[in-house]
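A.B. asks: Listed below, chain by chain, are the residues.
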Amino acid sequence: MSEAPRTMFEKIWERHRVLEREDGQTLLYVDRHLVHEGGAAAFAALRRRGLKPRAPDRIFTVPDHYAPTDSRRLDDIRDPRHREMIELLASNAKEHGIRHFGLGGPEQGIVHVIGPELGLSQPGMLIVCGDSHTSTHGALGALAFGIGSTEVAHVLATQTLWQRKPKTMRITVEGRLGEGVSAKDVILAIIARIGAAGATGHVIEYAGSAITGLSMEGRLTLCNMSIEAGGRAGMVAPDEVAFVYLAGRTYAPEDWEAALSRWRALPSDPGAVFDAEVTLDGGAIEPMVTWGNSPEEALPIGGTVPGPEAAADAERRETMARTLDYMGLAPGMPLEGLAVDRVFIGSCTNSRIEDLRAAAAVARGRRVAEGVEAWVVAGSEAVKRQAEAEGLHEVFRGAGFAWREPGCSMCVGMNGDIARPGSRVASTSNRNFMGRQGPGARTHLVSPAMAAAAAVSGHFTDVRRLLAGGG
Amino acid sequence: MCDGCWRGAAEMEAFTRLTSAAVALPRPNIDTDQIIPARFLSRPREVDHGEFLFHDARRVPATGEQDPDFPLNREEFGAARIIVAGRNFACGSSRESAVWALFDAGFRCAIAPSFGDIFRTNGMKNGLLPVVLPAEAVAALIGQVEAAPGAEVTVDLQALEVTFPDGSVHGFEVDPFARHCLLEGLDEIGLTLSLEDEIAAFERRYGRENTR
Ligand code: SF4
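Protein chains in written order, with our numbering: chain D, 5 to 475; chain L, -3 to 208.
This is chain L alone, in the form it adopts within the complex (with noise of 0.2 Å):
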């Protein structure tokens, strides 16, 4: 299959090495909902959803005013870019804006033992890199962001590896295909139509199936 005739037309930032300070939410299950709240759904993607990341869960419910003890809220994890949280992050709702209210926040990684199977795909496909590491690493690493805020971490996506704060390496996996696509920052629709003839001759096997 020829790579080179599907470049074009490409929607997405690519990712390749990123070293950069992270901040932990070191929960389990949070949802695509506590991520970006339904109401702002509405919104196309061409405004910044950055500012509708854990809009409810970053506030104090009883005022209204930003909690200065929620981690994204706290100056000294301002610059961070990687986000480590608790088993199944982003679970839930498809909603692709929780990916766009990530990335507008400037996230470009999210680290957990587990991920809502939507979310990391729909991450993959925008330039947000899910990285699943074991729950103990996982568990290491918030220790370390916690302990010295604005340590680096490194992800690597063309190593398949994380370098935590310590220096102790992990190593991770990601759907090769995927993981191509995001390291050119090439999105699959081109390479798709590039497929054309093997759709249609599909089509022509599977005649009028399963239209009515």
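In isolation and in its complexed conformation, chain D is listed as follows (with noise of 0.2 Å):
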């Protein structure tokens, strides 16, 4: 009598279900869609072809990429081509009545940083952006996931998009994670394990007291970086603490209670298969710091760098050498005291007040190291008026960070915040390769806090020796 018992992301697959064809192409519903910059040549390719918005109803803009993290003006950004990506945005929504988060407005930041924060992305929606991190609204029991341009126009012309279903991959994280680690240090723990490619073809979903105990901000971390791992989304089961992250938001529905009862039919029914299953130690898992130019190549902050001899084949011993020479690096050499020149603190993976309160408790009564530029670049104007309704930016001041606006920023250098060839920098962000913080840059990946402990001690350091009062 009873039901097979389905996945959380088989629930929602089947409630977006416009048709399924006999080769199995299904087409889907898309409850959000949101788009920034990179929308251009969608918008380009619907005008071409004489097409509007479906539903610019749930579509959202939002300026990110190109936003410029000196300065709120237009006028101010030097590149033309920069500002006019961000105007072009800006007219595109206007034009076709689409409802846009403006530069200099009180919603503006990251979009995968507002769509949470504005209440947006919600339990068992379906959230497309074109933009590989929307994995990151997954936090929320959504199904989200990044799509390519053609798809943004195929998206933005008919409120739907064609998908094969993808398989499902449970990864469970059991036990308490150990003070001074953090949703980033999992998720990069959960990278070195499975590897880059290790999800590809798969959505997965995070289970495990580990990960339940997360707040918020933190799974919204974890989830983000699901595609570093090759997943093509990420989610986690809503609970008492998503619907209490999204009482109240800007764009939380309406009848609350109905769609509390929606959503409490979520999560992955008991006995539901998924068709892969990892499972990782918690409590093991400890700061972590990327040596490499793939997010799997990370290791614990007590680890040394490894040698060639470590690879397994040919390809990868050849690879490995060309990483070490692109990263500055030698085998056996210690990631701790590794000196960084650079520190980034923001991007959609680690800019939410709760990093930010991370990297403050790191940073207060401490300077920022002789020589080492360190940023913090919050996430979206809300953050930064909450940072600031705390203190943070005095703290972050008062030890030698800049204190700058909203934006994508250093995380991939679009609009100009970029690191000399050669310099090292300790980043919050989420992709470490070869160039990506601009030509020559050395990225490594960590946490706020472990970042906040690069920059006050000038080189790579254990931050669990810091928040003990050690220096």
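I should point out that these hints are in silico values taken from the structure, not numbers from a laboratory. Ideal placement from N, C-alpha and C gives every residue a C-beta, glycine not left out. It cannot be assumed that every hint is accurate.
[Said to hold, decoys possible] Each pair of labels, with its calculated beta carbon distance range:
(1) L:D162 with D:R320: 42 to 52 Å
(2) L:G74 with D:A316: 27 to 37 Å
(3) L:Q154 with D:G252: 53 to 63 Å
(4) L:G163 with D:R326: 27 to 37 Å
(5) D:R85 with L:P64: 28 to 38 Å
(6) D:A472 with L:P172: 52 to 62 Å
(7) D:A280 with L:D162: 29 to 39 Å
(8) D:A280 with L:E9: 34 to 44 Å
Build the complex: two chains, separate frames, hints provided.
C.D. replies: Okay, here's the thing in structure tokens:
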């Protein structure tokens, strides 16, 4: 009599299915379509074909990639191309009657920070954005994934998307995270374990006591980097943490009780089967640092740079030699003590209020080391306001950090916020790719607390010692 | 479903069968930031993206000069329209300009043991066929391509087969729907617009759910 147990992913997938072809391709209905400056090509494609957005009330636009972080004024943007990208997004939104959170306005911020923060991202929704880190929004129990520009045009025109059903993977992390260990360390440990292509073709559901014990900010960090594990999307079952987080937000449902009863039915049924299962011991996770040019190249802070002899095959050996050369590292070097030139606390991974609190707790009463340039870039205007209300900006400024305006900034450097060739950056962002933070820049991914610890120490160090009161 | 009624307004070049030289980048995890650095992403599609392909990776960092050892810079691979790479090719950012850069530089096919999911979709929708082959087959192909630069590889989307320079034939799979679109050079917006009745019916059923 009873139906087969379903995963949360399957429930959301089925709820949004418009039709399914015999060959398995499924047309899905999109609840929310978020668009940043990268949507320009899609709007242009629409225009070429004489089409208009089908459901403007389901589309929201915000500039983040090209947003300047030293000013809120368009006129201050030096590169005319960057200015045009921001203007173009605003004019496309205006032309089509789309809600736009403009530069300088109170809601602007990184698209994956403002979606949850405004209550736009909700449990059970299907959310897309022309950006790979759309997986972030899955932290609320949504199915959220990044799409390409051609697909953005398709969603604009039809409010739907063709998809083939992906596989599912459950990653269970049980236990209590140690002091100084955050969601960022958890996701880096997961990627180090399963690899940068470990979840390719899969939607990940994160479960276990170490996950349900995370705040919403922590879950957003976790789901954010699902794409760095190759995952199509990442999600966490909605619970009281999610409901409390969403209550009262600008776009929270009008009929709250009805929404709650829908949301409570979303978590995967007991006995639901996943195509792959991975388990980790949360208590064993330590503060992590990446050493290479792929997020899978991550180690606990106490680790040492591996040598080519550790590589499994010739292909990897050759890659490792290139990586070590690019990163200016040699086999056997301890990660702890490696000197940094710059510190970047920001990005859609780690720029929320809790991230800034964690960094400020380390920075408080300390000074950024001589010769280190350290930045804090809040993820949104709202985060910035909240941080300032708590006095965090004074803590950072007092310690010698720059306190800048919200945007993607040094995560990708598209707005010109880049590091010099050869400089070593402790970064709370999500990608340590070659050239990601500027040609020749050497990126090490860490948590906000670890980034702050590197800033005040002048080198990577185990934040747990600083938290314990050591120097 | 009538496939004939959604032809038209196609923006994609069809792919049926290609015989060409290939070039190998035998490394895993080549990300789309390497394929096209972020600073070139503000260029509209009309701009030739070929010159941005591996813009930084193909240059010597210290001098900015073209690195003569980078495979794409080597003359003997100049005619290649097929790129062969290590696992997880084109992972990372969803930037479709990674496909545009490859396409504008003449590439119509990429072969690897695995791809970034979004790139794979972007490729299929933009006339660049991503072919997944087992790691051993890709390693063999890389060996043959490097041993005899310019040797021809044939990729047949109709037959779903790749023929290596040594004559060995390797089958592959792609999504049947995406294959159909790519064979015919059709794009999906036209098809989906023809399903207006189904979408409208869904919207009536779905009501105002998740609008606020
Ligand atoms: S912060 Fe970085 S990863 Fe996030 S959306 Fe912006 S550029 Fe992409």
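A.B. asks: If I claimed the Cβ atoms of D162 (chain L) and R320 (chain D) lie 42 to 52 Å apart, would that claim hold in this structure?
C.D. replies: violated, 25 Å
A.B. asks: Given the range 27 to 37 Å, decide if the beta-carbon distance of G74 (chain L) to A316 (chain D) lies inside it.
C.D. replies: holds, 33 Å
A.B. asks: Does the Cβ-Cβ separation between A472 (chain D) and P172 (chain L) fall within 52 to 62 Å?
C.D. replies: Because 59 Å falls inside the window, the suggested range holds.
A.B. asks: Would you say the C-beta atoms of R85 (chain D) and P64 (chain L) sit inside 28 to 38 Å of each other?
C.D. replies: holds, 31 Å
A.B. asks: With respect to the beta-carbon atoms only, verify the hint that A280 (chain D) and D162 (chain L) lie 29 to 39 Å apart.
C.D. replies: This hint holds: roughly 35 Å between Cβ atoms.
A.B. asks: Starting from the range 53 to 63 Å, see whether the pair Q154 (chain L) and G252 (chain D) falls in it by beta-carbon distance.
C.D. replies: holds, 57 Å
A.B. asks: Holds or violated: 27 to 37 Å for the Cβ distance of G163 (chain L) and R326 (chain D)?
C.D. replies: For G163 (chain L) and R326 (chain D) the Cβ distance comes to about 33 Å; the hint holds.
A.B. asks: Evaluate the given range 34 to 44 Å for the C-beta pair formed by A280 (chain D) and E9 (chain L).
C.D. replies: Taking Cβ atoms as reference, A280 (chain D) and E9 (chain L) lie about 36 Å apart, which means the hint holds.
When each numbered hint is compared with the structure, a violation occurs for hint 1 only.
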